[in-house]
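K.L.:
The listed protein sequences derive, respectively, from chains H and Z.
Using the working numbering, the first residue of the first sequence is number 1, and each one after it goes up by one.
Using the working numbering, the first residue of the second sequence is number 1, and each one after it goes up by one.
Bear in mind the hints are in silico, worked out from the structure with no lab data behind them.
Just so it is clear, the structure is predicted and the values come from calculations on it, not from any experiment.
Zero decoy hints are in this set.
These stretches of chain Z come out as covered by chain H in the derived footprint (C-beta under 8 Å, 3 or more residues):
{"hint": "1", "region": "95 to 108"}
{"hint": "2", "region": "169 to 178"}
{"hint": "3", "region": "288 to 294"}
Straight-line Cα separation of at most 25 Å, DSS-like style, residue types lysine-lysine; simulated pairs:
{"hint": "4", "chain 1": "H", "residue 1": "Lys231", "chain 2": "Z", "residue 2": "Lys270"}
{"hint": "5", "chain 1": "Z", "residue 1": "Lys219", "chain 2": "H", "residue 2": "Lys247"}
{"hint": "6", "chain 1": "Z", "residue 1": "Lys137", "chain 2": "H", "residue 2": "Lys219"}
{"hint": "7", "chain 1": "Z", "residue 1": "Lys270", "chain 2": "H", "residue 2": "Lys247"}
{"hint": "8", "chain 1": "H", "residue 1": "Lys243", "chain 2": "Z", "residue 2": "Lys219"}
{"hint": "9", "chain 1": "Z", "residue 1": "Lys215", "chain 2": "H", "residue 2": "Lys247"}
{"hint": "10", "chain 1": "Z", "residue 1": "Lys273", "chain 2": "H", "residue 2": "Lys231"}
{"hint": "11", "chain 1": "H", "residue 1": "Lys243", "chain 2": "Z", "residue 2": "Lys270"}
{"hint": "12", "chain 1": "H", "residue 1": "Lys243", "chain 2": "Z", "residue 2": "Lys215"}
{"hint": "13", "chain 1": "H", "residue 1": "Lys20", "chain 2": "Z", "residue 2": "Lys137"}
{"hint": "14", "chain 1": "H", "residue 1": "Lys212", "chain 2": "Z", "residue 2": "Lys82"}
{"hint": "15", "chain 1": "H", "residue 1": "Lys212", "chain 2": "Z", "residue 2": "Lys137"}
{"hint": "16", "chain 1": "H", "residue 1": "Lys243", "chain 2": "Z", "residue 2": "Lys273"}
{"hint": "17", "chain 1": "H", "residue 1": "Lys241", "chain 2": "Z", "residue 2": "Lys273"}
Every residue gets a Cβ at the ideal spot worked out from N, C-alpha and C, and that includes glycine.
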Amino acid sequence: MKVLVAVKRVIDYNVKVRVKPDNSDVDLANVKMAMNPFCEIAVEEAVRLKEKGVATEVVVVSIGPKVAQEQIRTALALGADRGILIETEEKLESLTVAKLLKGVVDKEQPQLVLMGKQSIDSDNNQTGQMLGALTGMAQGTFASEITIDGDKANVVREVDGGLRTVALNLPAVVTADLRLNEPRYASLPNIMKAKRKPLDVTTPADLGVEVKSTQSLVKVAPPAEREAGIKVASVSELVEKLKTEAKVL
Amino acid sequence: MAILVIAEHDNAALNGATLNTVAAAKAIGGDIDVLVAGSGCSAVAEAAAKVDGVAKVLVADHDAYSHQLAENVGELVAELGKNYSHILAPATTAGKDYLPRAAALLDVNMLSEVIAVEDADTFARPIYAGNAIATVKSADAIKVMTVRGTAFDAVAAEGGSATVETVDVVKDAGTSAFVSEELAQSDRPDLTAADVVISGGRGMQNGDNFEMLYKVADKLGAAVGASRAAVDAGFVPNDMQVGQTGKIVAPNLYIAVGISGAIQHLAGMKDSKVIVAINKDEEAPIFQVADYGLVADLFEAVPELENAL
Chain H
1 MKVLVAVKRV IDYNVKVRVK PDNSDVDLAN VKMAMNPFCE IAVEEAVRLK EKGVATEVVV
61 VSIGPKVAQE QIRTALALGA DRGILIETEE KLESLTVAKL LKGVVDKEQP QLVLMGKQSI
121 DSDNNQTGQM LGALTGMAQG TFASEITIDG DKANVVREVD GGLRTVALNL PAVVTADLRL
181 NEPRYASLPN IMKAKRKPLD VTTPADLGVE VKSTQSLVKV APPAEREAGI KVASVSELVE
241 KLKTEAKVL
Chain Z
1 MAILVIAEHD NAALNGATLN TVAAAKAIGG DIDVLVAGSG CSAVAEAAAK VDGVAKVLVA
61 DHDAYSHQLA ENVGELVAEL GKNYSHILAP ATTAGKDYLP RAAALLDVNM LSEVIAVEDA
121 DTFARPIYAG NAIATVKSAD AIKVMTVRGT AFDAVAAEGG SATVETVDVV KDAGTSAFVS
181 EELAQSDRPD LTAADVVISG GRGMQNGDNF EMLYKVADKL GAAVGASRAA VDAGFVPNDM
241 QVGQTGKIVA PNLYIAVGIS GAIQHLAGMK DSKVIVAINK DEEAPIFQVA DYGLVADLFE
301 AVPELENAL
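Make the full structure from the sequences, and use the hints.
P.N.:
Shown next, in the form of structure tokens:
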């Protein structure tokens, strides 16, 4: 079974995000970039499927500028077999990303597409579902467990109020939630080995996808600050304040 | 303009998140129709018809929709949504699951977790885990969006008298099936709907100690939540997680116990009306957003709080 994993280059999750003074966007100049944490979980799951003998090949795809090759190399160091970069300098919206991924799916014909449930920059949580719709594949979003059983995938999903299990016909799209697994660290020998793994570069035009944008950013502002209140000295003072001052008890 | 709101429900009762979504539709302005897609869901349709401001309720009652499978509901929403200027769904795990599929089938982009309506084309939504708020203008022919319930005050559940219309559109992709569900059983209110929420963090030390919070919660009629640190440490299940990657809550009173206040947690609760923090570390960032802070050992303060209520 071939598994396709989509990964995104985003701001490192440890970096404090700052809005530009002119409110045009967040400031990404000279900040550390990394693989989106949810994508890392998707890569780990694909590699585990390969280690279990369920997957035969793990192909990792990313869309972005030339430097996004770094994130593909990271995935290769974690155990993916080969990479594809769809190179573009443009900022893409989810629908275009889904169309580009559909182009790769049509070519590669994977049985399973794994991706993160959302990226920590745009927080859209849309691309996997859109890819499912465009390809007609079933989807298992917010997965915390994946079991491949013949031509089906049983996926345990994290839903409001608990867990829900669905059975998906393969091929299918599954998006990873936090508890699907804990990604490993790449070892130095594997990082060296990853440098020799194949990485193809293609473009949106090669895939026959027109890059167009329908959403324009009017402004980006920091969230409303909440002011610190007061410190109380005891539980009785707290209860008193909640009753008489805040009037919430 | 006509707006289609997708109802959230369990085939038996209309979920409150629908009322917040109708409120967002009202802020856009125009005729508001509600789609109830389910199986044996006539009681939900009746409830939806009473919701203030709803003109028409569309009911698609078929086995294919009984578990809100995204493949089927997504196609149904895309088919019925063609005639609308806006399609809105609550930003619940169900809405997040099917709505992007509908948008892709309509060949339009989508806006996730809308928190404010500027005008019929322009909306605000959080990005970077709530560290920035983006105002986005959409040029799509149909505006498709999920709505964050805590950002809009619910419309009245009673007072409306919408017509109810049956829709005979059956979309059964046949590519997925519901297998089972394990929903946490609790007599306490739902986290996202509770007036009072008390949450524990890593400072709780283990899952058994959450019992202290349950006792306080029972006195206050509160829901119990947790920080991601407490969930990752295995103290409590993930469905209790409050934060950017968990549930977004905005109760009248939020009590954070043994929670340091990581950005990702603050993103899930900072819109609460009154925030109380109990933490023994007086430098904890949670105190920077708390209205009332108590620097104390939670193992002494929480039982004392229970007795004082």
